[in-house]
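There are 2 protein chains.
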Amino acid sequence: MNEVRIGIIGLGFIGCMHAASLAKGDVPGAVLTAVCDSNPDKAQWVKENLGENVTLFTDVDEFLTSNIIDGVMIATPHPFHTELAIKAFKHGLNVLVEKPAGVHTKEVRLMNEAAAAAGKVFSMMFNQRLNPLYMKLRDIIASGELGEIKRTTWIITNWFRAQSYYDQAGWRATWAGEGGGVLINQDPHQLDLWQWVIGMMPKRVRAFCHFGKHHNIEVEDDVTAYVEYENGATGTFVTSTGEAPGTNRLEINGDLGKIVVEDEKITFWRLSVPTSEFSLSFKGKGFQQPECEKIDVPIEGEINEYNWSGIIQNWVEAIAKGTELIAPGEEGIKSLTLSNAMQLSTWTDNWVNLPIDEDLYYEHLQEQINKSKAKVNV
Amino acid sequence: MNEVRIGIIGLGFIGCMHAASLAKGDVPGAVLTAVCDSNPDKAQWVKENLGENVTLFTDVDEFLTSNIIDGVMIATPHPFHTELAIKAFKHGLNVLVEKPAGVHTKEVRLMNEAAAAAGKVFSMMFNQRLNPLYMKLRDIIASGELGEIKRTTWIITNWFRAQSYYDQAGWRATWAGEGGGVLINQDPHQLDLWQWVIGMMPKRVRAFCHFGKHHNIEVEDDVTAYVEYENGATGTFVTSTGEAPGTNRLEINGDLGKIVVEDEKITFWRLSVPTSEFSLSFKGKGFQQPECEKIDVPIEGEINEYNWSGIIQNWVEAIAKGTELIAPGEEGIKSLTLSNAMQLSTWTDNWVNLPIDEDLYYEHLQEQINKSKAKVNV
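Read top to bottom, the protein sequences are chains A and B. Heads up, the first sequence is in my numbering, so the first residue is 58 and it goes up one at a time. Heads up, the second sequence is in my numbering, so the first residue is 58 and it goes up one at a time.
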């Protein structure tokens, strides 16, 4: 295969950004050939920013059957992600979906099945998996240096949004337009990293979402979630768009110490013997602890939260030469499961076991959508 | 009144420490005249460490009616605190109780009623209220500089204990002997500070205690609690005796910024306008936040977590000249309510509204005590 021909659907903020990036050659081996947006007014922007060689479609089916694209990047509002991905797979195209994978796991499961049936290259835009900070963290944990995981604590409250942010578009922060708030819009990267860095999903979730607590919006803008893992570990995830300045602090405790990721630094308190072993073998009366060294973990490469082109590059190489995917599309369901479970736990005021009851979640979501005041048709 | 005559009941670790401290004159205006312990073997220790002028009693009633004490410090195992305090009040004595106030709020309420009826000076050994770190924090919050409280997050997991700590005595970490684990033994100071520094108790609690998770013990050694306050604020409290090295990090978010207490330092991110006001008045599209200055808050005086003699001094001055109490005894029920509520929420697997149903808690506790393997009679 020569250059992989890319089409982008959805010319909103992020779609335009990806298009401009591809057009200026940020991704070697890829060429932007087409874009698609239902709004014909985008023609001017396309001409000015993408040049004469990129075709603008306003009809999705014409775009998908144009035979001028090998892979499609889906950058529409999230309620359209899965439907469009499924269509693209049916037309034999490779697919890269913006986060979140979709609005509910029921539709994402169908998307994953369509991907499997098509056998095409399917990736998710989890660009934070290329952030050297979390890559290093994942490597340390995978190496066993931290020992068995005992606790994860993520305070991710640095998502402050003023009311004007939500007032920009009628679909924003509505059940009909987004299917959620901070969990579905701001947090998908962290929800993905939370499970990706430790390689474990929780087995059950008890969460406390607050809807329109800090803003005049329908959806959640403040969440505290508690989770339990199969191995007995526990975790909390605290997030909000209503606090300033927020915090982004991830603490992971293992049998061999503690790691804290904060202020773009990783600090590792590494024990010489596992806590569990020390607890049983220490015979003194006092309060001694295992010997510990504090390490400022060196990070290789520049810390970059926004390495979208790295994910596009990886997807393109997977299409062209079978390179292993960094963010396989099928894994998008994991963070969405966490997000859906947190909302469902709040609505049912009860535990939610994973995998979640997708039909029950869907019912509850529809109920919210039916009550939604969103006047727009996204 | 000349010197206030002090008697100490319970010559365990902490009782001996207080006795030795008083005997060497750490508290001006106070004189240790008597000690009481049911174990007559303590006579040697008393003679060697406290001198000839301190009388040792082995019978509580003789001690309380000896007419050689004005105030009694109760330093027995916690299941005896309230019964002894009530007796002391009935004999017209002033009382200082070691933490926790008792094992369950039902008995502590009776103690508080006895104190009120006696009209004597009643204090709790909440010596961390004299820690300049938390005094400063409380002052900042009381001054309104942080604005309305929105969230409290305390990770207090630096209570690592090896199994040998629990194996030292048969009553340790048993339902019959202590009535709980990390919440009742290690955390009373933090549970007290948690409500004291912000001046608010939660209105409801949902907690997840794990019993004997990290150790071979009956009681909780790992807890995650989520709380909601009347004003809409939320909070989490995470604690454990099974992690090394632990964390002690308190974050409090208000409408005017954020305060973090960690590593014996207070950092205050102070906003120029309240978040709520900024959210409504900011008209841009972007992600701007209110202007913020980061302040390393100066702490007056040496940071001292262990200022027991300061609390004794304050209690003695309150007896001698009516000085206001730093830790009024009646406030001991607050931290115990939080502790009881966290256990009850776990047992009932449900929310616990405050004030808690004391009878229901008592029933559940008795059930645990009946199943307790503690062979000792404390």
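FYI, nobody ran anything at the bench for these hints, they're computed from the structure. As the structure is a computational prediction, the values presented were derived from the model and not from experiment. One or more hints might be untrue.
Note: identical chains are not told apart, hence a pair may lie in one copy or across any two.
[What the hints assert, rightly or not] Simulated crosslink set (PhoX-like; lysine-lysine; CA at most 25 Å straight-line):
| hint | residue 1 | residue 2 |
| --- | --- | --- |
| 1 | Lys-351 | Lys-322 |
| 2 | Lys-81 | Lys-147 |
| 3 | Lys-163 | Lys-147 |
| 4 | Lys-430 | Lys-260 |
| 5 | Lys-322 | Lys-260 |
| 6 | Lys-144 | Lys-99 |
| 7 | Lys-342 | Lys-270 |
| 8 | Lys-270 | Lys-99 |
| 9 | Lys-378 | Lys-163 |
| 10 | Lys-428 | Lys-177 |
| 11 | Lys-177 | Lys-163 |
| 12 | Lys-99 | Lys-342 |
| 13 | Lys-378 | Lys-147 |
| 14 | Lys-144 | Lys-342 |
The hints, checked one at a time:
1. For a Cα distance limit of 25 Å, the shortest separation of Lys-351 from Lys-322 qualifies both inside one copy, at 13 Å, and across copies, at 19 Å.
2. In this assembly of identical chains, the alpha carbons of Lys-81 and Lys-147 never lie at most 25 Å apart, being 30 Å within a copy and 86 Å across copies at closest.
3. For the homomeric pair Lys-163 and Lys-147, the shortest alpha-carbon distance inside one copy (19 Å) is at most 25 Å, but the shortest distance between copies (67 Å) is not.
4. Taking the shortest alpha-carbon separations for Lys-430 and Lys-260, neither the intra-copy value of 34 Å nor the inter-copy value of 31 Å comes in at or below 25 Å.
5. For the identical chains of this complex, Lys-322 and Lys-260 are neighbours neither inside a copy (29 Å) nor across copies (37 Å), given an alpha-carbon limit of 25 Å.
6. Taking the shortest Cα distances, Lys-144 and Lys-99 sit within 25 Å of each other inside one copy (23 Å), while across copies they are farther apart (84 Å).
7. Taking identical chains as interchangeable, the C-alpha atoms of Lys-342 and Lys-270 lie at most 25 Å apart only when they sit on different chains, with a minimum of 20 Å there against 49 Å within one chain.
8. For a Cα distance limit of 25 Å, the shortest separation of Lys-270 from Lys-99 qualifies neither inside one copy, at 36 Å, nor across copies, at 59 Å.
9. In this assembly of identical chains, the alpha carbons of Lys-378 and Lys-163 never lie at most 25 Å apart, being 32 Å within a copy and 71 Å across copies at closest.
10. In this assembly of identical chains, Lys-428 and Lys-177 lie within 25 Å of each other by CA distance neither inside one copy nor across copies; the values are 38 Å within and 59 Å between.
11. Within a single copy, Lys-177 and Lys-163 get their C-alpha atoms as close as 21 Å, which meets the 25 Å cut-off; across copies the closest is 66 Å, which misses it.
12. Taking CA atoms no more than 25 Å apart as the test, Lys-99 paired with Lys-342 passes between copies only; the shortest distance there is 20 Å, against 74 Å inside one copy.
13. For a Cα distance limit of 25 Å, the shortest separation of Lys-378 from Lys-147 inside one copy, 22 Å, qualifies, whereas the shortest one across copies, 87 Å, does not.
14. Taking CA atoms no more than 25 Å apart as the test, Lys-144 paired with Lys-342 passes in neither setting, with 67 Å inside one copy and 33 Å between copies.
Going down the numbered hints, you'll see the structure goes against 2, 4, 5, 8, 9, 10, 14, while the others check out.
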